[in-house]
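Residue numbers (our numbering), protein chains in the order written: chain A, 6 to 368; chain B, 6 to 368.
Among the hints, erroneous ones may be present.
[Stated by the list, open to error] Pairs of lysine to aspartate or glutamate residues, derived as EDC-like cross-links and limited to a Cα-Cα distance of at most 20 angstroms, are as follows:
| id | chain 1 | residue 1 | chain 2 | residue 2 |
| --- | --- | --- | --- | --- |
| 1 | A | Lys290 | B | Asp69 |
| 2 | A | Lys336 | B | Glu339 |
| 3 | A | Lys39 | A | Asp69 |
| 4 | B | Lys290 | A | Asp67 |
| 5 | B | Lys362 | B | Glu219 |
| 6 | A | Lys95 | B | Glu339 |
| 7 | B | Lys274 | B | Glu219 |
| 8 | B | Lys162 | B | Asp172 |
| 9 | B | Lys139 | B | Asp105 |
| 10 | B | Lys336 | A | Glu339 |
| 11 | A | Lys290 | A | Glu340 |
| 12 | A | Lys336 | A | Glu283 |
| 13 | A | Lys95 | B | Glu340 |
| 14 | A | Lys345 | A | Asp277 |
| 15 | B | Lys321 | B | Asp8 |
| 16 | A | Lys321 | A | Glu272 |
| 17 | A | Lys162 | A | Asp172 |
| 18 | B | Lys95 | A | Glu339 |
| 19 | B | Lys345 | B | Glu280 |
| 20 | B | Lys95 | A | Glu340 |
| 21 | B | Lys290 | A | Asp69 |
| 22 | A | Lys290 | B | Asp67 |
| 23 | A | Lys39 | A | Glu136 |
| 24 | B | Lys45 | B | Asp67 |
Source of the hints: derived by calculation from the structure; they are not laboratory data.
Given the structure is predicted, the values throughout are model-derived calculations rather than measurements.
Protein chains: 2
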Amino acid sequence: ALDTPARIYYKNESVSPSGSHKPNTAIPQAYYNKMEGVHKISTETGAGQWGSALAFACNIFDIDLEVFMVKISYNDKPYRKTMMNTWGAKVHASPSELTDAGRAILSEDPNSPGSLGIAISEAIEIAAKSEETKYSLGSVLNHVLLHQTIIGQEAVKQMEMAGEMPDIVIAPFGGGSNFAGLCFPFLRLNFEEGQNIRCIASEPSSVPKLTRGEFRYDFGDTIGMTPLIPMYTLGHHFVPAPIHAGGLRYHGAGAIVSQLLHDKLIEAKSHDNLEVFEAGLLFAKTEGIIPAPETNHAIASVIAEAKRCKEEGVSKTILFNLSGHGNFDMKAYEEYLSGKLHKFEISDEEIKASLDKLETPKI
Amino acid sequence: ALDTPARIYYKNESVSPSGSHKPNTAIPQAYYNKMEGVHKISTETGAGQWGSALAFACNIFDIDLEVFMVKISYNDKPYRKTMMNTWGAKVHASPSELTDAGRAILSEDPNSPGSLGIAISEAIEIAAKSEETKYSLGSVLNHVLLHQTIIGQEAVKQMEMAGEMPDIVIAPFGGGSNFAGLCFPFLRLNFEEGQNIRCIASEPSSVPKLTRGEFRYDFGDTIGMTPLIPMYTLGHHFVPAPIHAGGLRYHGAGAIVSQLLHDKLIEAKSHDNLEVFEAGLLFAKTEGIIPAPETNHAIASVIAEAKRCKEEGVSKTILFNLSGHGNFDMKAYEEYLSGKLHKFEISDEEIKASLDKLETPKI
Chain A
6 ALDTPARIYY KNESVSPSGS HKPNTAIPQA YYNKMEGVHK ISTETGAGQW GSALAFACNI
66 FDIDLEVFMV KISYNDKPYR KTMMNTWGAK VHASPSELTD AGRAILSEDP NSPGSLGIAI
126 SEAIEIAAKS EETKYSLGSV LNHVLLHQTI IGQEAVKQME MAGEMPDIVI APFGGGSNFA
186 GLCFPFLRLN FEEGQNIRCI ASEPSSVPKL TRGEFRYDFG DTIGMTPLIP MYTLGHHFVP
246 APIHAGGLRY HGAGAIVSQL LHDKLIEAKS HDNLEVFEAG LLFAKTEGII PAPETNHAIA
306 SVIAEAKRCK EEGVSKTILF NLSGHGNFDM KAYEEYLSGK LHKFEISDEE IKASLDKLET
366 PKI
Chain B
6 ALDTPARIYY KNESVSPSGS HKPNTAIPQA YYNKMEGVHK ISTETGAGQW GSALAFACNI
66 FDIDLEVFMV KISYNDKPYR KTMMNTWGAK VHASPSELTD AGRAILSEDP NSPGSLGIAI
126 SEAIEIAAKS EETKYSLGSV LNHVLLHQTI IGQEAVKQME MAGEMPDIVI APFGGGSNFA
186 GLCFPFLRLN FEEGQNIRCI ASEPSSVPKL TRGEFRYDFG DTIGMTPLIP MYTLGHHFVP
246 APIHAGGLRY HGAGAIVSQL LHDKLIEAKS HDNLEVFEAG LLFAKTEGII PAPETNHAIA
306 SVIAEAKRCK EEGVSKTILF NLSGHGNFDM KAYEEYLSGK LHKFEISDEE IKASLDKLET
366 PKI
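One chain only, chain A, in its complex shape (with noise of 0.2 angstroms):
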């Protein structure tokens, strides 16, 4: 379909139970806190991928989850919503009246559709306040980016299974789980073996915290209840657009992508929505899988690399993560086939108002 002198591949994540590849630390992170006693876990979700592997995960080992769903994604994927409930979990629209973080939103703002940060508040207040519940995170931090670099640790001996390296690597950005899952064991190779994998995190340009934010100390959630993160962010108040990818709808990046990309070993990218819905389709007619819009945003970055090849005359080797299926995204696909997507435009007075707001550490 491209006519590209590239090669591409792709680790497919979409054919896990609860369709990503989220279970990869949703079942380490249930396991752990079952050899600890626990009974509950609170936790949130933006497009419901993490929610129902956290799901999925708790039931095994039967343990209570109560997950706080960005209202947003509650409203235009209640399907995300049962699958966790078919699994056992309870789901409340975020922000909700159960908890102070929400409770302050909602008297700001009755109408509020919620954002990642917030959702984050709430399931954090929620173990806070609970002797029994600990709080679960399906990103951003180190044990649950290491975990997912189960990922690329298969990918590595999938490729030496082709008889080839990739020269580029590449996966969607939220908070950095899918990013390093994939990327981490191909870094090491540059690292220990001198090898020269470009890595490219590719993020959406109405929520640009890697290619237009500030390397600084800020906060995971909104409200301001998690440890300083030294990470890129764009500021922890910044309201992300209503963009079809509620797993990237996220103001920060975790702190181990963030120091690598500062230090220049790892690139960013960033693609409008509408140019990751057409890269999306592109690979549902030519692939037959319907990926997720989060993984449309990799795609269209694999996209624009084939593209440089066939320009360059160059055959470089693609690999990119086909972190989840797009069955419970089909409203977004409806929209953007039937011409009512539109594009959100970021201006840099916007990403300075929000970054003016901050008051956390300069790094």
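Fit chain B to the known structure of chain A by using the hints.
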């Protein structure tokens, strides 16, 4: 979860691009049409599994596809429609104003929720009235059943690899392709090698053509446009209850399967719609995969046989067809989980009344 001495295997057809076994016949049908120079195909779909499989297949071979989707499913499962659109198919809610058959139904009942039989009539009419359009069917007919035997052929080899042969083979029953696909290759072992493998077709108790229908000639569609088929039927005018298993809401049964049942070479069981969702939920919580409602009928039969093994203290090997995932059926799970699903009973009088309307030849 069942504490049974039975050993249970399943053939997983839910990981195909469109999420079910249907591409097994959609792809060859599209291929042979392409070889014949056909540029346009019409078809119908109940739950949307067949429609999306054929949309996927026609996309591969660059054939236009027009799908008549039973209106109740069109409204309940808009994501299936969008999936078909994503692969380039046109989808109409049936009954539609586009055909004489649709207009006739609508003039009698403007609020008709549609049925598989009506949708078949509409799709056939489109093909019959057009020089260049061919009609394609996803079950019932002999060639479709035979395409699907790839399921059972693979399963025979896989059971050999697992080192045991099933005592009981179970599949859901709509028109017959799901059941025939898995069971025919095992029946061959019965006929040619003298084995004694029980093959069970699982149908909804609200659409009991195999367990309570009549073996006679009937039409495959509601209007009476198809050739007459010797089949177990409830009568082509039969309007199935609005259960959440659109693929099984069909009045008749394929000819080969019907003859096999008549000759007592296979068995049929029926399950009510609450029992099947209870079975599906147990499977989802135990295995992680949320099955399609159609598939849940087979699981209900598996559980019944596994419980019998426990009661009788015998260890049987059971194989069933996990024919599809339930990612597009979460509304049905939602209704089940919230207690809104109720049983549909059907009386002998209702069945008799429907069969009495038939003027087709008896056998």
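Against the structure, the hints:
1. Straight-line distance between C-alpha atoms of Lys290(A) and Asp69(B) comes to about 14 angstroms, which keeps the hinted pair within the 20 angstroms bound.
2. For the hint linking Lys336(A) to Glu339(B), the alpha-carbon distance of about 18 angstroms falls within 20 angstroms, and the restraint holds.
3. Between Lys39(A) and Asp69(A) the CA atoms are separated by roughly 11 angstroms; this keeps the pair inside 20 angstroms, and the hint holds.
4. For the given pair, Lys290(B) sits about 10 angstroms from Asp67(A) by alpha-carbon distance, which is consistent with the 20 angstroms threshold.
5. For the proposed pair Lys362(B) and Glu219(B), the alpha carbon gap of about 13 angstroms is at most 20 angstroms, so the pair holds.
6. About 13 angstroms separates the Cα atoms of Lys95(A) and Glu339(B), which keeps this hinted pair within 20 angstroms; it holds.
7. For the suggested pair Lys274(B) and Glu219(B), the alpha carbons sit about 15 angstroms apart, so the restraint of at most 20 angstroms is met.
8. Distance hint between Lys162(B) and Asp172(B) is fulfilled; the C-alpha atoms sit about 15 angstroms from each other, no more than 20 angstroms.
9. Of the pairs offered as hints, the one joining Lys139(B) and Asp105(B) holds, with about 18 angstroms between alpha carbons and a cut-off of 20 angstroms not exceeded.
10. Of the pairs offered as hints, the one joining Lys336(B) and Glu339(A) holds, with about 18 angstroms between alpha carbons and a cut-off of 20 angstroms not exceeded.
11. Our distance criterion of 20 angstroms between C-alpha atoms is met by Lys290(A) and Glu340(A), whose separation comes to about 17 angstroms.
12. For the given pair, Lys336(A) sits about 15 angstroms from Glu283(A) by alpha-carbon distance, which is consistent with the 20 angstroms threshold.
13. A distance of roughly 16 angstroms separates the Cα atoms of Lys95(A) and Glu340(B); the hinted pair therefore holds under the 20 angstroms criterion.
14. The hinted pair formed by Lys345(A) and Asp277(A) meets the criterion: a straight-line CA distance of about 15 angstroms does not exceed 20 angstroms.
15. At most 20 angstroms may separate the alpha-carbon atoms for a hinted pair to count; Lys321(B) and Asp8(B) meet this at roughly 13 angstroms.
16. Annotation: proposed proximity of Lys321(A) to Glu272(A) holds, straight-line Cα distance about 17 angstroms (limit 20 angstroms).
17. Among the hinted pairs, Lys162(A) with Asp172(A) is consistent with the structure: their alpha-carbon atoms are about 15 angstroms apart, no more than 20 angstroms.
18. With a C-alpha separation of about 13 angstroms, the suggested pairing of Lys95(B) with Glu339(A) holds against the 20 angstroms cut-off.
19. With a CA separation close to 14 angstroms, the supplied pair Lys345(B) and Glu280(B) stays within the 20 angstroms bound.
20. Between Lys95(B) and Glu340(A), the direct Cα distance comes to roughly 16 angstroms. Compliance with the 20 angstroms bound is thereby established for this hinted pair.
21. The hinted pair formed by Lys290(B) and Asp69(A) meets the criterion: a straight-line CA distance of about 14 angstroms does not exceed 20 angstroms.
22. In summary, the hint linking Lys290(A) to Asp67(B) is supported, as the alpha carbons are separated by about 10 angstroms, within the 20 angstroms threshold.
23. As the CA atoms of Lys39(A) and Glu136(A) are separated by approximately 16 angstroms, the hinted pair is consistent with the 20 angstroms bound.
24. The hinted pair formed by Lys45(B) and Asp67(B) meets the criterion: a straight-line CA distance of about 9 angstroms does not exceed 20 angstroms.
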